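Here is what each chain is made of, one letter per residue.
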Amino acid sequence: MLPLYAAVARRSFRRYSTYTAATLAGIFTNSVFGLIYSFAYLALWKESPDAGGYDKIDAVTFVWLGQALLMTVALWGGGTTDDLAERIRTGDVAIDLYRPTGLVGWYLAGDLGRAAYHLLTRGLGPTFIGLIFFHIKLPSSAVDAAAFAVSLVLAVVVSFGLRFLVACTAFWLLDASGPRFFSGAFAIFFSGMMLPLVLFPGWLGALAQALPWAAIIQVPNDVWLGQYDGWGLAGALCFQVLWVALLMGTCETVLRAATRKVVVQGG
Amino acid sequence: MAEVSTGSTGATTGGGWTFAIRSYSDIARLWVRASLSYRTSFALMTVSGFLITGLDFVGLWLMFSHLTNLGGFSLIEIALLYGASSVGLRIADLLIGSVEQIGRHIRTGRLDQMLTKPVPLLVQVCADQFALRRFGQISQAVIVFTWGCFAVDWTPSRVLVAVLMVVSSGVIFFGLFVAFSCVQFWTTDSTEFANAFTYGGNTITQYPLSIYPAELTKGLTFLLPIAFVNWYPCLYLLGRDDPFDLPPWLQFCSPIAAAVVLGVAMLTWHHGVRHYTSTGS
Chain A
1 MLPLYAAVAR RSFRRYSTYT AATLAGIFTN SVFGLIYSFA YLALWKESPD
51 AGGYDKIDAV TFVWLGQALL MTVALWGGGT TDDLAERIRT GDVAIDLYRP
101 TGLVGWYLAG DLGRAAYHLL TRGLGPTFIG LIFFHIKLPS SAVDAAAFAV
151 SLVLAVVVSF GLRFLVACTA FWLLDASGPR FFSGAFAIFF SGMMLPLVLF
201 PGWLGALAQA LPWAAIIQVP NDVWLGQYDG WGLAGALCFQ VLWVALLMGT
251 CETVLRAATR KVVVQGG
Chain B
268 MAEVSTGSTG ATTGGGWTFA IRSYSDIARL WVRASLSYRT SFALMTVSGF
318 LITGLDFVGL WLMFSHLTNL GGFSLIEIAL LYGASSVGLR IADLLIGSVE
368 QIGRHIRTGR LDQMLTKPVP LLVQVCADQF ALRRFGQISQ AVIVFTWGCF
418 AVDWTPSRVL VAVLMVVSSG VIFFGLFVAF SCVQFWTTDS TEFANAFTYG
468 GNTITQYPLS IYPAELTKGL TFLLPIAFVN WYPCLYLLGR DDPFDLPPWL
518 QFCSPIAAAV VLGVAMLTWH HGVRHYTSTG S
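Quick note, the sequences are listed as chains A and B, same order. 1 is the number of the first residue of the first sequence in this note's numbering; add one for each residue after it. 268 is the number of the first residue of the second sequence in this note's numbering; add one for each residue after it.
Just so you know, the hints here were simulated from the structure itself, not pulled from any lab data. Note that the coordinates shown come from a computational prediction; the quantities given were computed from them, not determined experimentally. Please note: incorrect hints may appear among the correct ones.
Said to hold, decoys possible - Anything over 10 Å on all C-beta distances counts as not near chain B; from chain A, calculated: (1) Leu-4; (2) Ala-7; (3) Glu-86; (4) Ile-129; (5) Leu-131; (6) Phe-134; (7) Met-248; (8) Gly-249; (9) Leu-255; (10) Arg-256; (11) Ala-257.
What the hints assert, rightly or not - Output of the computed footprint for chain A on chain B, the stretches with three or more beta carbons under 8 Å from beta carbons of chain A: (12) 301 to 308; (13) 312 to 320; (14) 327 to 336; (15) 444 to 458; (16) 471 to 481.
Where a beta carbon is used, it is the ideal one built from N, C-alpha and C, also for glycine.
Chain A extracted, bound-state conformation (with noise of 0.2 Å):
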């Protein structure tokens, strides 16, 4: 099962990158982005030194990993999820479903194949350009950098559950764009991206840090900045496997009632 899995992530990754033109112009776009919100944040900083105990480089540092991450974790949504969408809206799922392999593992290889050529490209990109203009942080030790490795890896798939769970509406609405957009604009607020999560006031602070999307952006973020140490560091890792269980158990329950509407509808 696994050499095929790999297959499969292989080919999503070639399929990716062809588009060099469009992976070039993401990474200027996602420089811009991050260059506007490093003034933002040290000016920020610059009023309020230890705001959520981050200090000024921690700040900016999280800017451009948000910007690095973006397109990895596929935050807007994006990824072979979309492809998924569009398939049970043409009724071409059909196919996918007497596949011989189960389908949210068949998608999972592709999208981590995407996140793997992303990361490459669209992740390295602002990382140097970061790390050239704002000398931002780096992992301080062998073992921060094997976590952040670990949590990024889990921060793909707990956004690939959010996005396949999303796709799956497909099944109910025929259109998914409109659920797409939505869990777009909680992924954004939610995740970090807009306001390290750190900086939500009081339970709005509390709620943000227990959700799934703290797990895409917050939790990588902070595993590479040093916040956690320890015990702490294996908490904040647990916290992700636990929303990849819950997430990837839900889409197979929810795949189950989609395939009996599927039948139903003669695909």
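Following the hints, position chain B against chain A.
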């Protein structure tokens, strides 16, 4: 068909314009009807448009739980800046945002079909996929702008500058959408490049320019005149001195900047269309 309608309405240039506007609204109406056929999705998209942009402002508001001012501006003053820029961007986005898709039309060969139709190409490209749901985003921008207006001590001249500011903001973003989308006549898969200037221009002007280095502000004034969508007229509306000590008459120059951007955009568009050779596939 263009000739007929020009003749019937009399004045040659006026006729061209009315024909363009009528064609635009015909195409737009078709898209509105199409989008209403998936009702739940349409409703969700309108609400989420409001929500995305709404949460964007909530982000700013949350920043102010750690601040009293950002770059010397209070939250309500930033609402004025934010609103002026966003109203312009959102209206331009509603009316002509689809111009971004030109690369896709080139790839799929649809641009060739469009060129054979008796409606101006720019009208067809802009009206394509007309998305009524973007009213969700416009209403958010209008609400923030209205709140920001309470920061202003109104006089007749300030009312005039405010009106010109909103119109110029729309025109400048219109020009940026068209001009930077033209890059796709040369590289068809670079939609995102234009986003850096349109949505990026909106984001950069949501904050007071006083938070950026002086060179950047000068660049946004003299090279790519995005600062005129809100910064200079708002300095006048709020009765503030320019933190960068640039001449005060710049505060009245938004309409000129808008005219220049529009002119350059139209030239770029015509140059791009002339350069266009079909993919032939």
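Hints versus structure:
For Leu-4 of chain A, the shortest C-beta to C-beta distance to chain B comes to about 30 Å, beyond the 10 Å cut-off, and the non-interface label holds. At roughly 26 Å from the closest C-beta of chain B, the C-beta of Ala-7 of chain A stays outside 10 Å, upholding its exclusion from the interface. Consistency note on Glu-86 of chain A: stated as away from chain B, and its beta-carbon is indeed over 10 Å from all of that chain's, at 13 Å minimum. The claim that Ile-129 of chain A lies off the interface holds: its Cβ sits roughly 13 Å from the closest Cβ of chain B, which is beyond the 10 Å cut-off.
Distance check for Leu-131 of chain A against chain B: the nearest CB is about 19 Å away, which clears 10 Å, and the non-interface claim stands. Once the 10 Å rule is applied to beta carbons, Phe-134 of chain A is consistent with being away from chain B; the minimum gap is 13 Å. For Met-248 of chain A, the non-interface assignment is confirmed: its Cβ lies about 25 Å from the closest Cβ of chain B, beyond the 10 Å cut-off. At roughly 25 Å, the least C-beta separation between Gly-249 of chain A and chain B is larger than 10 Å, which holds for a residue marked as non-interface.
Non-interface status of Leu-255 of chain A relative to chain B is upheld: no Cβ of that chain comes within 10 Å, the nearest being about 20 Å off. With 10 Å as the threshold on Cβ separation, the claim that Arg-256 of chain A sits away from chain B holds: the shortest Cβ distance comes to roughly 22 Å. Non-interface call for Ala-257 of chain A relative to chain B: holds, since the shortest CB-CB distance, roughly 18 Å, exceeds 10 Å. Counting residues of the region 301 to 308 of chain B whose beta carbon lies closer than 8 Å to any beta carbon of chain A gives 3, which reaches the threshold of three, so the coverage claim holds.
Remark: the region 312 to 320 of chain B is confirmed as covered by chain A, as 6 of its residues place a Cβ nearer than 8 Å to a Cβ of that chain, reaching the required three. For a cut-off of 8 Å, the count of residues in the region 327 to 336 of chain B with a CB near a CB of chain A stands at 7, and the three-residue condition holds. With 5 residues having a beta carbon nearer than 8 Å to a beta carbon of chain A, the region 444 to 458 of chain B meets the requirement of three or more and the stated coverage holds. As drawn, the region 471 to 481 of chain B meets chain A at 5 residues by the rule of a beta-carbon pair under 8 Å; at three or more, the given contact holds.
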